[in-house]
Amino acid sequence: MAGSIDTWDALVAAQDSQRNPSVYVSKATSLVANTSARWLDSWAASGNGFDVGAVPTAAVVPTTATVGAVGQRDGTLQNSGGSLKNWLVAAELVPQFGATVATPGLWLLCDRLSHQGGLSGTTTGAQTTNLPTAALTRYTSGEGVMAGLSIYSQLGASGTTVTASYTNTASTAGQATQAVAIGATAFREVNRLILLPLASGDTGVKSVESVTLAASTGTAGNIGVVLFKPLAAFCTFPGIDELRAEPVLTGTMFGGLPEIVDDACLFWVRVAPSGGGGIDQIDGFITIAES
Amino acid sequence: MTAIASLDSLVQKLTGGDNGNPENLHWFKAAKVAGADPTAPIAGRLMSLWRYDGSPSGGAVPTTVATLDNTTTGGLKQTDPGGGRQKWLHSLWACSLIGGTLILYDRLLHIGSLDGTVTTAQTVGGSLTRYTDGVGNFAFAEIYTTVGASSTTIKLSSYTDQDGNTGQVGSLVTFGNTGFREDTRAIMLPLASGDTGVRAVASVQVTATTGTAGNFGVTIGHPLAYVSMPAPGVPGGRTFAQGLPGLPEIKTDACLAWLFKPAASTRPELVGGLSMLEG
Chain F
1 MAGSIDTWDA
11 LVAAQDSQRN
21 PSVYVSKATS
31 LVANTSARWL
41 DSWAASGNGF
51 DVGAVPTAAV
61 VPTTATVGAV
71 GQRDGTLQNS
81 GGSLKNWLVA
91 AELVPQFGAT
101 VATPGLWLLC
111 DRLSHQGGLS
121 GTTTGAQTTN
131 LPTAALTRYT
141 SGEGVMAGLS
151 IYSQLGASGT
161 TVTASYTNTA
171 STAGQATQAV
181 AIGATAFREV
191 NRLILLPLAS
201 GDTGVKSVES
211 VTLAASTGTA
221 GNIGVVLFKP
231 LAAFCTFPGI
241 DELRAEPVLT
251 GTMFGGLPEI
261 VDDACLFWVR
271 VAPSGGGGID
281 QIDGFITIAE
291 S
Chain V
1 MTAIASLDSL
11 VQKLTGGDNG
21 NPENLHWFKA
31 AKVAGADPTA
41 PIAGRLMSLW
51 RYDGSPSGGA
61 VPTTVATLDN
71 TTTGGLKQTD
81 PGGGRQKWLH
91 SLWACSLIGG
101 TLILYDRLLH
111 IGSLDGTVTT
121 AQTVGGSLTR
131 YTDGVGNFAF
141 AEIYTTVGAS
151 STTIKLSSYT
161 DQDGNTGQVG
171 SLVTFGNTGF
181 REDTRAIMLP
191 LASGDTGVRA
201 VASVQVTATT
211 GTAGNFGVTI
221 GHPLAYVSMP
231 APGVPGGRTF
241 AQGLPGLPEI
251 KTDACLAWLF
261 KPAASTRPEL
271 VGGLSMLEG
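Chains as they are written, first to last, in the working numbering: chain F, 1 to 291; chain V, 1 to 279.
Errors might be hidden in some of the hints.
Stated by the list, open to error - Here chain V is said to cover these stretches of chain F; the calculated rule only asks that three of the stretch's residues, wherever they fall, bring their Cβ under 8 Å from a Cβ of chain V:
hint, segment
1, 63 to 72
2, 105 to 117
3, 214 to 224
Claimed, not checked - If you anchor each label on the Cβ, the simulated ranges turn out as follows:
hint, chain 1, residue 1, chain 2, residue 2, range
4, V, G167, F, E143, 42 to 48 Å
5, V, G44, F, A173, 29 to 35 Å
6, V, T79, F, S200, 41 to 47 Å
7, F, A220, V, G84, 34 to 40 Å
8, F, E242, V, T174, 45 to 51 Å
9, F, A54, V, S127, 56 to 62 Å
10, F, T172, V, G246, 39 to 45 Å
Said to hold, decoys possible - To give an idea of the chain V side of the interface with chain F (calculated C-beta under 8 Å), a few residues:
hint, residue
11, T15
12, K32
13, W93
14, L97
15, V173
If you are wondering where the hints come from, they were derived from the structure by calculation, not from laboratory data.
We treat Cβ as the ideally placed atom computed from N, Cα and C, and that holds for glycine.
The shape of chain V in the complex, shown without the other chains (with noise of 0.2 Å):
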């Protein structure tokens, strides 16, 4: 495992020497998908930015079971270390028409194409190629087409944890009806009780229908840092050289995307930067 060793490291790797290779990336998000307003964002409720457009590009709804890398349309697409290095995130900052909280995260898997008013155990599968330990790994639910107005519940029916155990059975949540319908929403799915993470996740269930099929489906990330934005055009930003835990590491083929949780319900506009070197 290679490390920056000191601050005169630091200062090397930046500016390109000793193999740093800095990537310096910036990246922006119009209030737009394919070029329409998406719904709506529900003020304090977690939302996806896949699909938002931007530069680089928005994602596309997912279809079958898939994992994701850096080339992958939708991520951020910053390059792969070479020469056995690792990639380092060395700093981070974001700044949105509203306020709220950013999450940088590794998306890893994701479906679509699961049914709102399918009551029985759906399908997901698939087998990660990153973080295989499942230590740390997240779950969500990630609506593309607003399901229905019928307030439910869903929950991961059957999945892998972080000590290879399958079969395990989350803990349900709110899935339909206001709030908990809406396209680009997100909603987490819970881990049973003593579970830390997530190896695979072999199905979803809806406990009663929503009412409408819509479209919705099961990604599984793993995080990687935060950004609070305290208000409209107020940025935030976090430079991880100063203080712990210390620079998160962007593996290789890492496809990075956005979770967002709003502070108001106004589709955002968002611009940032990434600043990442190799070590």
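So here's chain F without its partners, still in its complex pose (with noise of 0.2 Å):
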């Protein structure tokens, strides 16, 4: 078939002919208490990285050009040419946490489709500032597509729940998420991501088009909305200082030989085991082979 890769000879020599077969990555947040092992958003993570996103403001189609996808710094990450296509089949990655290397957990790279920002943690009631969110231009079909909320701004230590007004694979507007926590220890702080599990019987998201916070945390803070699919998982394991992965001799990456579809914007969405204090960091590269 066009564009697959068809014998591991041909995945090397992909990789070797590729215009960006390296695409850097460095990424990098101050992990914040009583996030411990909870869902972590790294887009608009700060710290000595290098991908750092701004927190959006209106509704937008995030893509490779925006500042803060991996591989836009340097511009090593570009489309496949022609029929061509792009497949991720390998990564060299560096975890380190404060001045410890070899730091555990999970960092899931993910294409950001769509997000927006501005949303409020005091309002209670649909909330529509920004919504619904930009049409995808990638997985249009949203099968696969999570939602989540990213916290851009602290929220309150009032605890309540969220749900969402969401449009779902067979285009049937006006389904709910079923309540999650938000608010409270855990689910108020920045960086933190909570996914939104979707209506009995679905299997993805087209677009959100309301939040609903039960009541209000106290504090208004930033919330956004970020649809997203997931790609590859790398699992840092301790005592493992670089993970060199890749899912087919060794396994050590998970997510089989995804496809980097054009005008992809790769970000993370990390797990860590520690939570507080210190800079949570991986640097390293992602390599694409063109087939």
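Assembly of the complex is requested from the two constituent chains, each provided in isolation within its own frame, with the hints serving as guidance.
Spelled out as structure tokens, the structure:
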């Protein structure tokens, strides 16, 4: 099939001939207390890394050219040419937490498909500021697209719940996500990503139309909706100070050999075993093969 | 029977060549059931994630006996292989708020609305549509609404084993009271001596009343893979192209679901992925 890599030797050769085989990665985030083992959105996290995205306001579709996307800073992630496709085939990553290398945890590489900001942690009732989300230009069916709330400014200490109204993969509008916690410890911190569980029967999201908090958290903060497609998981384990990951021979990269579609805005969802103090950082390269 | 014949074939199929139709399915589970907090799990005791909210969505409480497939809400809803091909699990990974062991299984049949106060045999019934020889199938009691605080026992009071023998009776296990009464608990039902699987369950029986009817059921499943997550936030994973026993098959119509043995009594949040291909 056009675009596939048909042999192991061809996979090796495709990396050598690719215009941008090695895409530099540098991401850092200041870990906040009470976020251990919780989902984190690294997009706007700052620190010693280079890939720092801006907090979104209006609903937009991020692309490869958006500041903060992996590969944007040095232009190394380029679209494939003609009928060819880009495949994520390997990575060489060094995780570090403060002065300690070999930080275990999950680095989940995703394509950031649509995002916005400006939602409030004190407003009850349906919020539509900067919504609906910008229409998907990648994975337009919504199949496998996840929706989450990214906390850009800390919310209040009062715990409540949140739901969202969305359009599912069948283009049915008005679907309601199941209620999940927001506000209070572990659910209010900057960079926290609160994933939104889908309505019964659903398997993905095309767009989000509104967000509703059941009660005020006490502080407005800043919340944004992000729609994203997970691509590959890099699992760093204790004692592993440099992860040379690929999915075929060593099986240390999970997600098969995913395609990196044109204009992809690559970013990281992080789960760290430790929270509080220090900079949680990952540096290295992801390897793209074009075929 | 088809197969992945070589490393070259694996690479080709993972990138969509040779009708590999790779499917990289990512999922998550929030610590909620229908938007509310379920009972906290019991550390070290098996639980079912069937009803946990997430993406894809959680499943419903069954009533009458039913077989399940890849369109059933609550399953991962992967696509079927085409063109006479088989579907294979290349890798899977997961990461959780708490440590523990995840079990991926094909959920074959389930029933609910069984009563924790009834001490006569309660009918299960139904006929499997996959793994019909019963070899390697397990059965477990799945609690949907907490049953009572009186400790008793439960057993498979009549089932058909892997050889087609009917009227088999399984061993008794604890049912009811703390650790064995909570919603989302899954209690494995042992088989009779010498048996290795279940083709059908005719009935289950609770020895004495637990004191509260609650709502429980019986689920028949076939295990596919295990993921060990050693600590909170530390992921686990397995790539089946390395080592034995090789790539597990994901049968056509499989209803993929999760059991979880948590290391702590904290409602879990999980995220994970499966990489599948055809051949």
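A quick look at each hint next to the structure:
no.	hint	in the structure
1	63 to 72	violated (count 0)
2	105 to 117	holds (count 3)
3	214 to 224	violated (count 0)
4	V/G167 with F/E143: 42 to 48 Å	46 Å, holds
5	V/G44 with F/A173: 29 to 35 Å	44 Å, violated
6	V/T79 with F/S200: 41 to 47 Å	20 Å, violated
7	F/A220 with V/G84: 34 to 40 Å	58 Å, violated
8	F/E242 with V/T174: 45 to 51 Å	48 Å, holds
9	F/A54 with V/S127: 56 to 62 Å	58 Å, holds
10	F/T172 with V/G246: 39 to 45 Å	40 Å, holds
11	T15	4 Å, holds
12	K32	6 Å, holds
13	W93	4 Å, holds
14	L97	5 Å, holds
15	V173	32 Å, violated
The structure shown violates the earlier hints numbered 1, 3, 5, 6, 7 and 15.
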